[in-house]
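Engineer: Since the structure of chain H is already known, use the hints to place chain B on it.
Those sequence lines, one after another, are chains H and B. Residue 404 in the UniProt record's numbering sits at position 404 of the first sequence; the count goes up by one each step and never skips. Residue 203 in the UniProt record's numbering sits at position 203 of the second sequence; the count goes up by one each step and never skips.
A couple of the hints might just be wrong.
Treat identical chains as interchangeable: a pair holds within one or across any two.
Stated by the list, open to error - Taking lysine to aspartate or glutamate pairs in the EDC-like style, the calculated list, with each CA pair at most 20 Å apart, reads:
no. : residue 1 : residue 2
1   : Lys120    : Asp242
2   : Lys137    : Asp94
3   : Lys185    : Glu229
4   : Lys137    : Asp79
5   : Lys137    : Glu241
6   : Lys152    : Glu241
7   : Lys345    : Glu302
8   : Lys185    : Asp195
9   : Lys185    : Glu74
10  : Lys274    : Glu302
11  : Lys152    : Asp94
12  : Lys89     : Glu148
13  : Lys185    : Glu143
If you are wondering where the hints come from, they were derived from the structure by calculation, not from laboratory data.
Chain by chain, the residues run as shown.
Number of protein chains: 2
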Amino acid sequence: MKGETHRVVIIGGGFGGLYAARSLSSAPVHVTMVDRRNFHLFQPLLYQVATGGLSPANIAAPLRRILVRQRNTEVVMADVADFDPANKKVILHDGELEYDSLVVAAGAETGYFGQNQWAKIAPGLKSIEDATEIRRKVLSAFEQAERETDPKIREELLTFVIVGGGPTGVELAGAIAELSHNTMKYDFRNINPADARIILVDAGERVLAPFPPELSKNAHDELVKLGVEVHNHHRVGAVKEDSVIVKHEEEETTIRAKTIIWAAGVQASPLASKLAAATGAETDRGGRIITEPDCTVPGHPEIFAIGDMACYKHQGEHPLPGVAPVAMQQGQYAAKTIVNRLRDKPVEPFKYNDPGSLATIGRSKAVAVLGTWKFTGFIAWVLWLVVHLMKLIQFESRLLVLMQWSWAYSTFNRSARLITGEDYRQEELDDILNS
Amino acid sequence: MKGETHRVVIIGGGFGGLYAARSLSSAPVHVTMVDRRNFHLFQPLLYQVATGGLSPANIAAPLRRILVRQRNTEVVMADVADFDPANKKVILHDGELEYDSLVVAAGAETGYFGQNQWAKIAPGLKSIEDATEIRRKVLSAFEQAERETDPKIREELLTFVIVGGGPTGVELAGAIAELSHNTMKYDFRNINPADARIILVDAGERVLAPFPPELSKNAHDELVKLGVEVHNHHRVGAVKEDSVIVKHEEEETTIRAKTIIWAAGVQASPLASKLAAATGAETDRGGRIITEPDCTVPGHPEIFAIGDMACYKHQGEHPLPGVAPVAMQQGQYAAKTIVNRLRDKPVEPFKYNDPGSLATIGRSKAVAVLGTWKFTGFIAWVLWLVVHLMKLIQFESRLLVLMQWSWAYSTFNRSARLITGEDYRQEELDDILNS
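So here's chain H without its partners, still in its complex pose (with noise of 0.2 Å):
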């Protein structure tokens, strides 16, 4: 029986893959989603689990209970290790799955250029345990500060900095700021939580710089009145325990600080390179799979690459960006080309359409784009909260999460501020620091 029906595989349950999963619910195929770990993860919202705003279990769901009622779908929680795409198999850590089709969307990681070794230093925010690890990093700085007794090193602890301006670098940067100069402003009796610093250090022109010049503009002054301290045109040099080193046009300065955080780039899952030495296929830059315009590899039209770990140059003009609408077109034209071809139906390349973007500043500020729409703050925010509050996939978290938020927002609580372990996050680092 299962021989007889064509079978998809999907690697990775996140926006990509979960989309491409629930396209194929009612069609003719049996799907295996393969994901190393057991939940589908909002990530938009990590800056909140990172700031102790949410909770890790709000804005992750089981993949099983997301797809429960898919009778054709079966999920897989595995380490994919390879591809062997003569025969059609996906090896695994410890074994392999046969597929018809295959589609990959294995996401990306944190980057750092090169220099993997600032990774120790500077962690990235790409999962829960980045998020966990960024608020221990955070929170642990303020117990320090308040036992320290020399005012360097109070000093130190106090000055928090964010490599990179884009919506993650902005969004912590004006989480950190709420954090220190309003949640935290009595907490602490040695110590004044407001004096913390928080330097957002951006190598380019304006934040949020494919937003509009005016967006990123009302984003800059909003950073400022938070009392985050913006330096653009700034590059980082080096990531040191306890400093980084920026150069602005020749000159070089050496910022102070325990706390760094990365936020300045992203490289495809090391899986991409794989499937690219599997099939032949180019990548880019940033590691990313350059595809073709049905989002197939080259000479594979039973293999698709898509979201973060894919580079598709739409209609033939610049790379679609890595966030999560293009993912999840990408998913729902990959699950459509499926079904398509095996009912010889014609196929069109894929076309992305831009819904819009957006990103927070604070409490209760944002800008949004939306078509030749722009909106700035608390109604920007307000369509923030709308938006992602729709896409949080499962109703309970959707309403925990506002709840959550009402109460945060009206109290300046956080109270998911609790400093708990590493953990996953040291094979993580260990991918990287040997990829």
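Structural biologist: Chain B alone, transformed into the frame defined by chain H:
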């Protein structure tokens, strides 16, 4: 200024320490609350975290937040290394604290009756990290079973042994039974989670031994209804990788199981033996400090030892049990005694006022004793819910936990089913192994 104020150092932000600190809020003293974690943990609900029903932040609240309005109190996040009662100092790993009165409320950890090597295999349930470790183990066992082709190994993966028939063991067994037999019923394709065996091994004559016999009977029956195999009069002879050897009278049986959870015993925090060594106090078999009728350490009226790390022979009778109400009342008593002494008022011996006991069995059943009243079934469960929600320190937690439960209750869903990493646990484990 500070030098003139009476300095109270409280070690431990559990029920005992926190109630002592809060009872001193308007006293003419300076309070220093020392804990190595930055949060108060509501331990009675840990089993909900271990089974994916609640998130860690639902049952933990930052100590600074709880004590933020108490201006005579500071919170210090630090590890206590030793005591110097002659000089009235607490030695920290990185400093020291002087006191005039000291309240030691460091609690208890899992005890393995001298077989500490079992800790590596069978985790206890005392910390957030224990809970997420158990959650990881239980959920991973199902994930592995789904992919296992050897029926013998699959059976081992689907066998869960809980050692200890006290409230923690009963609550865990009930919750794991519901998780596998209800919540995850339709989640898998190759296994039937309802086939999972949940085995409760109890050395005593009946589960929930401190409760009246008819309530033990009721709890036993409800567990069996949920599909738990209850083995009374069974002692654990050995815990090995993948198996437990149990003894019933003279007969030995081996239960093959990949997941073994230890809820059979506690022992006092290692700080109890350090305090005993420093003061010459005696300890009982569980390592608890045997205190005077006023909860102080013999010969040191300025040092209180309270809660789970203290052995208090109530009015010459049996020692008080290691439960939250004892710790709370002793904390309040210690605070009152410190204030009375400052005012040269007489001090009465501590007197415990037993408010009763509660334990849940699964989703909507419980047993409760309140004075001479006994409750079972749904009424007891509502009682349990109300009592626990009332005690959750922060308003937000109460509301969110209630919502989360309502949702989980009506849908059988447990949304916090995340497999995340281990961490602080290694440290705790080393502590236990070296103790």
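Engineer: For every hint, state whether the structure bears it out.
Structural biologist: Cross-check of the supplied hints:
1. Lys120 with Asp242: Result: close within a single copy only, 12 Å intra versus 35 Å inter.
2. Lys137 with Asp94: Answer is between; shortest inter-copy Cα gap is 19 Å, intra-copy 35 Å.
3. Lys185 with Glu229: within (19 Å within a copy, 52 Å between copies)
4. Lys137 with Asp79: between (29 Å within a copy, 17 Å between copies)
5. Lys137 with Glu241: within (13 Å within a copy, 35 Å between copies)
6. Lys152 with Glu241: within (15 Å within a copy, 50 Å between copies)
7. Lys345 with Glu302: Classified as within: same-chain Cα gap 15 Å, cross-chain 85 Å, threshold 20 Å.
8. Lys185 with Asp195: within (10 Å within a copy, 52 Å between copies)
9. Lys185 with Glu74: Between copies only: 14 Å across, 49 Å inside.
10. Lys274 with Glu302: within (17 Å within a copy, 67 Å between copies)
11. Lys152 with Asp94: between (52 Å within a copy, 18 Å between copies)
12. Lys89 with Glu148: between (57 Å within a copy, 19 Å between copies)
13. Lys185 with Glu143: Classified as within: same-chain Cα gap 13 Å, cross-chain 44 Å, threshold 20 Å.
In summary, this structure violates none of the numbered hints.
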